[in-house]
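Taking the hints into account, I'd like the entire structure generated from these sequences.
The numbering used here puts the sequence shown at residues 79 to 179.
None of these hints come from the bench; they were simulated from the model.
Do not take every clue at face value.
[Claimed, not checked] 20 Å max Cα-Cα, derived EDC-like pairs, lysine to aspartate or glutamate:
(1) Lys105 to Glu124
(2) Lys130 to Asp109
(3) Lys105 to Asp133
(4) Lys87 to Asp109
[To be verified] Simulated DEER-style distance windows between Cβ atoms:
(5) Glu84 to Val123: 42 to 52 Å
(6) Glu91 to Ser136: 17 to 27 Å
(7) Gln131 to Leu90: 26 to 36 Å
(8) Leu86 to Glu124: 30 to 40 Å
(9) Asn83 to Asp111: 15 to 25 Å
(10) Ser122 to Asn83: 33 to 43 Å
(11) Glu91 to Thr135: 17 to 27 Å
(12) Met114 to Ser136: 14 to 24 Å
Small disclaimer: the values here were computed from a predicted structure and weren't measured.
Positions of the beta carbon are idealized from the N, C-alpha and C atoms, including for glycine.
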Amino acid sequence: MYPSNENLKNLLEESLRIQASALINIKQLIDEDLAMAATIFGISVEDAKAIKQADLTSLQKIASTNHLFTIHAKHNAIKSIIENLNSTHDFELAKLTSVEN
79 MYPSNENLKN
89 LLEESLRIQA
99 SALINIKQLI
109 DEDLAMAATI
119 FGISVEDAKA
129 IKQADLTSLQ
139 KIASTNHLFT
149 IHAKHNAIKS
159 IIENLNSTHD
169 FELAKLTSVE
179 N
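Structure, rendered in structure tokens:
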């Protein structure tokens, strides 16, 4: 049996919330220790600097858009993080470290 449209919508919304939380957590870690954050998330120090310079509202908007996978991000860093979140187990890490809404 296939999932209903409502179930798919709920899964998409949950996925977007997780990605938004993960981006916020990444930014907070970068603000604390740029080099360590770059190493943990597998991004360059230059990408980490770009994220550090981005305002939190912009990161939230990018993470919560319905066109998350096709958006043309202002910084390559944001695209890199999204790819890492989609291709690794960082979703699970994000679930464990995300701040409850």
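Hints, one by one, checked against the model:
| no. | hint | verdict |
| --- | --- | --- |
| 1 | Lys105 to Glu124 | holds, 14 Å |
| 2 | Lys130 to Asp109 | holds, 6 Å |
| 3 | Lys105 to Asp133 | holds, 9 Å |
| 4 | Lys87 to Asp109 | violated, 33 Å |
| 5 | Glu84 to Val123: 42 to 52 Å | holds, 43 Å |
| 6 | Glu91 to Ser136: 17 to 27 Å | holds, 20 Å |
| 7 | Gln131 to Leu90: 26 to 36 Å | holds, 29 Å |
| 8 | Leu86 to Glu124: 30 to 40 Å | holds, 37 Å |
| 9 | Asn83 to Asp111: 15 to 25 Å | violated, 43 Å |
| 10 | Ser122 to Asn83: 33 to 43 Å | holds, 40 Å |
| 11 | Glu91 to Thr135: 17 to 27 Å | holds, 20 Å |
| 12 | Met114 to Ser136: 14 to 24 Å | holds, 23 Å |
The structure is inconsistent with the numbered hints 4, 9, although it conforms to all the rest.
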